[in-house]
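Q: The lines below spell out each chain.
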Amino acid sequence: MPLPPSNQVPVDDVARAAQGDTSAFERVYSAHLGRVHNLARRMAGPDAADELTQDVFVRVWQKLQTFRGESSFGTWLHRLAVNVIIERFRTLGTARDRFLPDGDTVLERMPGSLPARGYDAGMDIEGAMKRLPPGARAVFVLHDIEGYRHEEIGQLLGVSIGTSKSQLHRARMSLRAHLTARKERREHALD
Amino acid sequence: MHWTERLSDYQDRELTPAEHAACEAHLALCQECRDVLAELLSVTSAARADVDRDPPHDLWPGILSQIQGQGLTRAIPFRHTPRTISFSLPQLALAASLLIAVSAGVSFVAAGRSIARPAPQEDPIQAVAETLTPPAAGVVRANFADAQFDQAVVDLEKILLDQRAELDPRTVMVIERNLTVIDDAMRQARAALDADPGNTFLNSHLADARRRKLDLLRRATTLASPSGD
Chain A
1 MPLPPSNQVP VDDVARAAQG DTSAFERVYS AHLGRVHNLA RRMAGPDAAD
51 ELTQDVFVRV WQKLQTFRGE SSFGTWLHRL AVNVIIERFR TLGTARDRFL
101 PDGDTVLERM PGSLPARGYD AGMDIEGAMK RLPPGARAVF VLHDIEGYRH
151 EEIGQLLGVS IGTSKSQLHR ARMSLRAHLT ARKERREHAL D
Chain B
1 MHWTERLSDY QDRELTPAEH AACEAHLALC QECRDVLAEL LSVTSAARAD
51 VDRDPPHDLW PGILSQIQGQ GLTRAIPFRH TPRTISFSLP QLALAASLLI
101 AVSAGVSFVA AGRSIARPAP QEDPIQAVAE TLTPPAAGVV RANFADAQFD
151 QAVVDLEKIL LDQRAELDPR TVMVIERNLT VIDDAMRQAR AALDADPGNT
201 FLNSHLADAR RRKLDLLRRA TTLASPSGD
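Chains as they are written, first to last, in my numbering: chain A, 1 to 191; chain B, 1 to 229.
Hints listed in this document are in silico derivations from the structure and should not be mistaken for laboratory results. Some clues are possibly wrong.
[What the hints assert, rightly or not] Under the rule of at most 16 Å between Cα atoms (straight-line distance), these lysine to aspartate or glutamate pairs were calculated in the EDC-like manner:
id: 1; chain 1: A; residue 1: K63; chain 2: B; residue 2: D50
id: 2; chain 1: A; residue 1: K130; chain 2: B; residue 2: D50
id: 3; chain 1: A; residue 1: K63; chain 2: A; residue 2: D124
[As the list claims (entries may be wrong)] Chain B regions said to be covered by chain A (calculated; three or more residues, Cβ under 8 Å):
id: 4; segment: 16-24
id: 5; segment: 57-67
id: 6; segment: 210-221
Note that beta-carbon positions come from the ideal geometry of N, C-alpha and C, so glycine has one too.
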């Protein structure tokens with residue numbers, strides 16, 4: 001389960017926002033903006049991140065009255081954000097078929113043999129993630145960055161646990177191949 | 001077994017104990033798999049170390065503008081009054097069937113299909129809050145052109161907002177849920193139409209969703225009006 005956000009919102013602000021107080025809701029927005037926007041950027045890319053973030057907070061406003069406090073507010077909001085982003089994938093017709101295990105293209109760039117070297121700490125993980133198909137990227141972000149379990153990812157994306165696992169492995173292998181090739185090019189340029 | 005394909009499961013401790021032991025035995029003998037595993041671990045570490053960034057500009061004005069424009073679909077405190085009105089079961093069933101119809105339409109849209117159907121004639125709708133006061137706010141005409149539709153919705157939502165204390169909170173909740181679903185359906189249809197503006201089915205679907213929203217608002221305002229029961 002994802003950790004709550006680093007920025008905590010006073011409970012009073014959540015309650016006031018649920019009662020229609022837009023000033024309180026602005027404080028809720030400010031506290032959670034960073035995490036939501038980063039989630040949107042990683043899952044959908046920087047071009048769509050702003051619009052998706054707005055959609056998430058509009059949905060949060062609409063749903064605030066349904067928040068029962070059964071989980072932390074940050075966890076509730078984060079799950080809602082994931083759902084909004086996934087809904088967008090589906091609306092755009094990019095989702096379900098790509099969430100299914102058709103990700104062979106993910107491995108297209110993978111070399112047959114790779115050197116036994118690690119990566120630099122500063123490697124361009126975000127640039128590499130952009131190259132993943134939406135489904136594999138969503139699984140990778142949810143599992144390796146956001147900390148969701150495969151069971152939860154399966155429920156969110158509407159796929160089996162096995163599909164979630166295989167997509168994660170494909171994503172990791174693709175990122176590894178891409179980043180290794182990038183590093184090799186960089187080293188070659190320095191020679 | 002090709003252990004390269006199981007290294008993520010090994011990394012995440014998703015293997016059975018027997019598989020885990022077998023994988024470790026393989027790793028002890030296979031330099032290539034050890035290299036791959038090390039690189040997979042590096043990928044995960046790098047992803048988790050990816051720093052958060054602030055958005056390039058403030059998104060609040062756009063959010064505020066949307067939630068202020070939604071009227072009924074926002075959270076508003078209830079004012080309790082002795083008089084309560086509830087939807088009957090048939091009315092709730094009608095609402096449920098509406099949700100199913102809207103959802104089915106949206107699913108069809110999401111599937112990206114295109115069916116050439118003649119667009120239905122859009123007779124102007126008279127969105128009337130029949131028993132409301134003041135009378136000047138009573139009649140809203142809409143022919144589904146965006147501006148007219150939006151104005152009709154705003155007018156009806158304002159009427160409903162002013163009179164929502166007359167409604168049972170559960171009824172308000174049902175109305176709000178329905179409106180949220182319809183709003184979502186319309187937003188999705190508009191997004192799909194951006195990609196395929198000439199799709200007659202999508203146009204028809206959007207017009208139908210708008211008609212349903214106006215109808216729902218009109219019914220709600222009628223229920224909320226002093227003589228609505």
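Q: Would you check the hint for K63/A and D124/A, treating anything up to 16 Å between C-alpha atoms as holding?
A: Violated, at roughly 36 Å.
Q: Is K63/A close enough to D50/B, meaning Cα to Cα at most 16 Å?
A: violated (30 Å)
Q: Between the segment 16-24 of chain B and chain A, are there enough contacts, at least three residues with CB-CB distance under 8 Å, for the coverage claim to hold?
A: Coverage by chain A is violated here, the residue count being 0 at a Cβ distance below 8 Å.
Q: Taking 8 Å as the C-beta cutoff, is the stated coverage of the segment 210-221 of chain B by chain A satisfied by three or more residues?
A: violated (count 0)
Q: Given the hinted pair K130/A and D50/B, is their alpha-carbon gap at most 16 Å?
A: holds (14 Å)
Q: Is the listed coverage of the segment 57-67 of chain B by chain A valid when you require three or more residues with a beta carbon under 8 Å from a beta carbon of that chain?
A: holds (count 8)
In summary, the structure is inconsistent with hints 1, 3, 4 and 6 from the numbered list given earlier, while agreeing with the others.
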